[in-house]
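Peer 1: Spelled out, the chains give:
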Amino acid sequence: MELFLRNLFLASVLLYLFGAVISLILMKRQKACNIIANFICIAASALGAAASVIKILWVNGPIGIFGFKSAIPFVSLDMKVDNLSAIFLLALSILVLCVSIYSIGYISHYIGKRNIGLFNFLYTTFILSMIFVLTSANAVFFYISWEAMSLLSYFLVVFESEKEKNQRAGRLYIIMTHLATAFLLIGFMIIYSYTKSFDLFGSSAGIPEAARNIIFILLLIGFGTKAGVIPLHIWLPYAHPAAPSNVSALMSGIMIKTAIYGLIRFLLCYLGIEHTWWGVVILVLGIASAVLGVAYALMEHNIKRLLAFHSVENIGIILIGLGVCFIALAQNNELVGGLALTAALLHTFNHTLFKGGLFLGAGSIQYAAHTKDIEKLGGLIKKMPVTALFVLCFSLAISAIVPFNGFISEWLTYQSLFANIIPGQAGLNLISILAVAALGLTGALAAACFVKLFGISFLGLPRSNQALKAKEVPVTMNIGMGILAALCLIVGLFPFTILRLIDQVAIDLVGSSILGQLHGGFLIVYYPLKVSANSISPLALLIVLIALILISLLVIRIIGGKYIERKYGTWDCGFEALNARMQYSATGFSKPIKIVFKILFRPTRKTTFEGDWLYHPETIEYTTSFTSVFEEYLYYPMIRTIKQFSQRTKFRIQTGSIHNYLLYIFIMVLALMLYNRFV
Amino acid sequence: MNSMIYILVQILVIIMAAPLVNGIIKKIKALTQKRKGAPVFQMYFDIYKLLQKNSVVSEVSSWIFKVTPYIVFTTAIAAALLVPVSTKLITQQIPGDFIMLVSILALGRFFMMAAALDTAGTFGGMGSSREAMISSLIEPSILVSLFTVGLISQSTSLPQIMNAVQNTGVPLLHPVYIMVFLALLIVIIAETSRIPVDDPSTHLELTMVHEAMILEYSGRHLALMEYGAAIKQLTFITLLVNILIPSDQLIGFTGIGALALSLVIYLLKVVLLSVIIAIIEVNTVKFRLFSIPNLAALSFILAFLGILQYFILGGSHV
Numbered sequence: 000m001e002l003f004l005r006n007l008f009l010a011s012v013l014l015y016l017f018g019a020v021i022s023l024i025l026m027k028r029q030k031a032c033n034i035i036a037n038f039i040c041i042a043a044s045a046l047g048a049a050a051s052v053i054k055i056l057w058v059n060g061p062i063g064i065f066g067f068k069s070a071i072p073f074v075s076l077d078m079k080v081d082n083l084s085a086i087f088l089l090a091l092s093i094l095v096l097c098v099s100i101y102s103i104g105y106i107s108h109y110i111g112k113r114n115i116g117l118f119n120f121l122y123t124t125f126i127l128s129m130i131f132v133l134t135s136a137n138a139v140f141f142y143i144s145w146e147a148m149s150l151l152s153y154f155l156v157v158f159e160s161e162k163e164k165n166q167r168a169g170r171l172y173i174i175m176t177h178l179a180t181a182f183l184l185i186g187f188m189i190i191y192s193y194t195k196s197f198d199l200f201g202s203s204a205g206i207p208e209a210a211r212n213i214i215f216i217l218l219l220i221g222f223g224t225k226a227g228v229i230p231l232h233i234w235l236p237y238a239h240p241a242a243p244s245n246v247s248a249l250m251s252g253i254m255i256k257t258a259i260y261g262l263i264r265f266l267l268c269y270l271g272i273e274h275t276w277w278g279v280v281i282l283v284l285g286i287a288s289a290v291l292g293v294a295y296a297l298m299e300h301n302i303k304r305l306l307a308f309h310s311v312e313n314i315g316i317i318l319i320g321l322g323v324c325f326i327a328l329a330q331n332n333e334l335v336g337g338l339a340l341t342a343a344l345l346h347t348f349n350h351t352l353f354k355g356g357l358f359l360g361a362g363s364i365q366y367a368a369h370t371k372d373i374e375k376l377g378g379l380i381k382k383m384p385v386t387a388l389f390v391l392c393f394s395l396a397i398s399a400i401v402p403f404n405g406f407i408s409e410w411l412t413y414q415s416l417f418a419n420i421i422p423g424q425a426g427l428n429l430i431s432i433l434a435v436a437a438l439g440l441t442g443a444l445a446a447a448c449f450v451k452l453f454g455i456s457f458l459g460l461p462r463s464n465q466a467l468k469a470k471e472v473p474v475t476m477n478i479g480m481g482i483l484a485a486l487c488l489i490v491g492l493f494p495f496t497i498l499r500l501i502d503q504v505a506i507d508l509v510g511s512s513i514l515g516q517l518h519g520g521f522l523i524v525y526y527p528l529k530v531s532a533n534s535i536s537p538l539a540l541l542i543v544l545i546a547l548i549l550i551s552l553l554v555i556r557i558i559g560g561k562y563i564e565r566k567y568g569t570w571d572c573g574f575e576a577l578n579a580r581m582q583y584s585a586t587g588f589s590k591p592i593k594i595v596f597k598i599l600f601r602p603t604r605k606t607t608f609e610g611d612w613l614y615h616p617e618t619i620e621y622t623t624s625f626t627s628v629f630e631e632y633l634y635y636p637m638i639r640t641i642k643q644f645s646q647r648t649k650f651r652i653q654t655g656s657i658h659n660y661l662l663y664i665f666i667m668v669l670a671l672m673l674y675n676r677f678v
Numbered sequence: 000m001n002s003m004i005y006i007l008v009q010i011l012v013i014i015m016a017a018p019l020v021n022g023i024i025k026k027i028k029a030l031t032q033k034r035k036g037a038p039v040f041q042m043y044f045d046i047y048k049l050l051q052k053n054s055v056v057s058e059v060s061s062w063i064f065k066v067t068p069y070i071v072f073t074t075a076i077a078a079a080l081l082v083p084v085s086t087k088l089i090t091q092q093i094p095g096d097f098i099m100l101v102s103i104l105a106l107g108r109f110f111m112m113a114a115a116l117d118t119a120g121t122f123g124g125m126g127s128s129r130e131a132m133i134s135s136l137i138e139p140s141i142l143v144s145l146f147t148v149g150l151i152s153q154s155t156s157l158p159q160i161m162n163a164v165q166n167t168g169v170p171l172l173h174p175v176y177i178m179v180f181l182a183l184l185i186v187i188i189a190e191t192s193r194i195p196v197d198d199p200s201t202h203l204e205l206t207m208v209h210e211a212m213i214l215e216y217s218g219r220h221l222a223l224m225e226y227g228a229a230i231k232q233l234t235f236i237t238l239l240v241n242i243l244i245p246s247d248q249l250i251g252f253t254g255i256g257a258l259a260l261s262l263v264i265y266l267l268k269v270v271l272l273s274v275i276i277a278i279i280e281v282n283t284v285k286f287r288l289f290s291i292p293n294l295a296a297l298s299f300i301l302a303f304l305g306i307l308q309y310f311i312l313g314g315s316h317v
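Line order of the protein sequences matches chains F and H. The opening position of the first sequence corresponds to residue 0 in numbering that gives the first Met the number 0, with each subsequent residue numbered one higher. The opening position of the second sequence corresponds to residue 0 in numbering that gives the first Met the number 0, with each subsequent residue numbered one higher.
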């Protein structure tokens, strides 16, 4: 079995590699290249998904896939898959499968305009680098893959590099991601200096208390930047809109989750949780990210920026689960720890499904209407009904509404918070309660935000010519989204299909089986999910809803007779010239919330009139803007200080003269030699 | 079999009683204004009449507009199923808790807000946007207050909570429950579009929220929307009275008789709370839209104080 599994994983990796090579070879024949490369990715991801499921269900313990020791010290390409890796690989494979199907149609609009061979090469190697991150068994290989992932995603972000905006986004992204990598590097070095080993599956017993805390902070900053935790999130809303939509789907769907993987792998598996404050820090960061992420999302009218902020929000929800897990584990409460870990992992998986899907939806809208600005959309539900249906499903899922999957993971998060409130730990209980309130607020604001997204872009009248001329997208794009939407519903209705897999991870990492606590069977009709005395059954709910709709239809038919409908215009106060400009705009829709939370947004507005301003203004111009507080008050002052500092040192240290630089090198080498000689 | 009886009784009681609450509130308002007012059962006649009328549907709208009334109506009933009208009725677990209750209502609200944007009118957007604000602000306070009572009974399941509070004597003498009661009362006012948050009897564009969202509806669609709102209102009232004014422990026996008695007492409690809501509605004026956050904050603070007191005093009988 193990040998078979190893070959399966290897086959998947080699297929990706083959896809990368072939897309370079076929660079000249763009159409063929696109189809072949994507089909190879589909096959490879199908293999990967199957292998991950088999691994979790039938093989215990980590399996080595590939071990290659090189002559260079420390560098060994060592791949191992344990249950934690496998669950992330499963999420990755499912998303890659759907995105690749989608890409066949989506990339076709680049044919003849761009180098598709190069794009597919980058796309495939980017996937491959993420697989390496998720499976590497030593820190050096992890680091190399991490760096490769960052660089490849940078190239994909700036793929449409002729736009100045995209270059700026790419620059910000690469700076932030390298800052993060620097922190990770220092963390790994500290680990090595105590354990003399880069092995991730080894023991961390030699690391003293203080060093552990420092490593925790370093890794938290490093991984937190990649995940987009507030206040390190600023690259997300720039990088996601710049990248092509299929790449944004991968970046938001799974790349930022590799940071969650990193946090679990290094902190939980490797270091072990001993301090309660680790969990508290993560929980507080989670609360801040969830609430602020969704609040900023509400203010955005660029679909992809809006979705990027929602990634921040969902990372926050995942971190709430993870924080509760860490707190519970530090207090030796394995059961709650396992429950919270299950919640966090399930939300990670779910977010991959619906956020990947939403970015694909944004791509479809852009494909059809050539704009990302929802103020210019409207009425798309009549032009692209299938896309509209899928986007509606994803919107419901991300707003944690039954019967979709987002609800299940949020329910588990609520339950873990509920279980974590134990009399006698006053401070922790208060944080848990605040987390409950924050989750509630986040859920409601997310629903508001997605009513805005769906309502303004798909419903009503088209607000621009582009939206008027939009047509349904190619069928492959809809298939890719359709699979994700179906999975959202399936996981929502039958949570045990995926919880069975996640439970194995929890057993591995925490040592307690949650499935025993989460009662319920596999694929039985009546399907409750239970945590001790609390139970829900989305399936029963769906059956009840459908039954009620049928009964009410019947009753109404009996009382009211046949349904007779009259088409007529919307009430326009007798004005008789309803037009698209009289609808509510996205700005107007979110304005009440903007005013309520004005402390977060610091909105400004400017109204200019021409002519008599009171009775007969010829033109009125109204502009409104809001400040992104973190950029304004945290990053700009920092950048200003660094600039001033470098201005000052420019003439004294950075002289530009090669002689001085040689001198610096000489002094440095000398100092190191002396250090080695005497210490 | 038991669960079938539960579902049947639950649906019948809620559907039959829901419009009555509106009738009582309207009647009391009329009486305070020295009017005779419409009969208490007026809403039943209205619904019956509306169901027989033709529907006018906007040319602009899509299928979202037409399915929304059914979703709003059925989600309201499904939500009502999770809140038992009598603890004598229920012998086993029901597969849903208050977190699911909030989520089911969110499903209905999502479609209602979307449908309001579907007709491309200004009023719909106005209502939808305001509803988005109010519902998000009130959500933390619902969850925290229900978490408080949940912690006391160590369960998020509503029948369990209702059973547990029956052993606490008179909950409303206990500081924890007083806070939760007040917090939930504000929640009810906000969620059911009552003065001072919204005015159900006006069609003035400056003030309306819920009415603005359903402005384009007519005929059977309107009937369903109105009925759905009434059922949602009764669900919240049931939640409040059965958790904070428990009475089933007073009935010493079991069987059909106990159930009937329990339902009668339940209806009396509902009438009592309707009167309280009507009195609040008569004695206050509608708030400015941007004063509503203060009310929501008040509700949240009360809920939060409630849970703080739970940590200090515990939830059992004083």
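A hint or two may mislead.
Reference listing, derived: stretches of chain H covered by chain F, where coverage requires no fewer than 3 residues with Cβ under 8 Å from a Cβ of chain F [what the hints assert, rightly or not]:
hint	region
1	76-83
2	105-114
3	174-187
4	232-245
5	281-287
6	297-306
Derived lysine to aspartate or glutamate pairs resembling EDC-like cross-links, with alpha carbons at most 16 Å apart [stated by the list, open to error]:
hint	chain 1	residue 1	chain 2	residue 2
7	H	Lys-33	H	Glu-58
8	F	Lys-381	H	Asp-247
9	F	Lys-371	F	Asp-198
10	H	Lys-65	F	Glu-564
11	H	Lys-52	F	Glu-564
12	H	Lys-268	H	Asp-198
13	H	Lys-25	H	Glu-204
14	H	Lys-285	H	Glu-204
15	F	Lys-566	H	Glu-58
16	F	Lys-590	F	Glu-273
17	F	Lys-79	F	Glu-159
18	H	Lys-268	H	Asp-247
No wet-lab data here; the hints were simulated from the structure. For every residue, glycine included, the Cβ atom is placed at its ideal position computed from N, Cα and C.
Peer 1: Next step is simple, just say for each hint if it's right about the structure.
Peer 2: Now the hints, each set against the structure:
| no. | hint | verdict |
| --- | --- | --- |
| 1 | 76-83 | holds (count 3) |
| 2 | 105-114 | holds (count 6) |
| 3 | 174-187 | violated (count 0) |
| 4 | 232-245 | violated (count 0) |
| 5 | 281-287 | violated (count 0) |
| 6 | 297-306 | holds (count 3) |
| 7 | H:Lys-33 / H:Glu-58 | violated (43 Å) |
| 8 | F:Lys-381 / H:Asp-247 | violated (53 Å) |
| 9 | F:Lys-371 / F:Asp-198 | violated (45 Å) |
| 10 | H:Lys-65 / F:Glu-564 | holds (11 Å) |
| 11 | H:Lys-52 / F:Glu-564 | holds (10 Å) |
| 12 | H:Lys-268 / H:Asp-198 | violated (24 Å) |
| 13 | H:Lys-25 / H:Glu-204 | violated (22 Å) |
| 14 | H:Lys-285 / H:Glu-204 | holds (13 Å) |
| 15 | F:Lys-566 / H:Glu-58 | holds (5 Å) |
| 16 | F:Lys-590 / F:Glu-273 | violated (45 Å) |
| 17 | F:Lys-79 / F:Glu-159 | violated (36 Å) |
| 18 | H:Lys-268 / H:Asp-247 | holds (12 Å) |
Comparing the model with each numbered hint stated earlier shows that hints 3, 4, 5, 7, 8, 9, 12, 13, 16, 17 do not hold.
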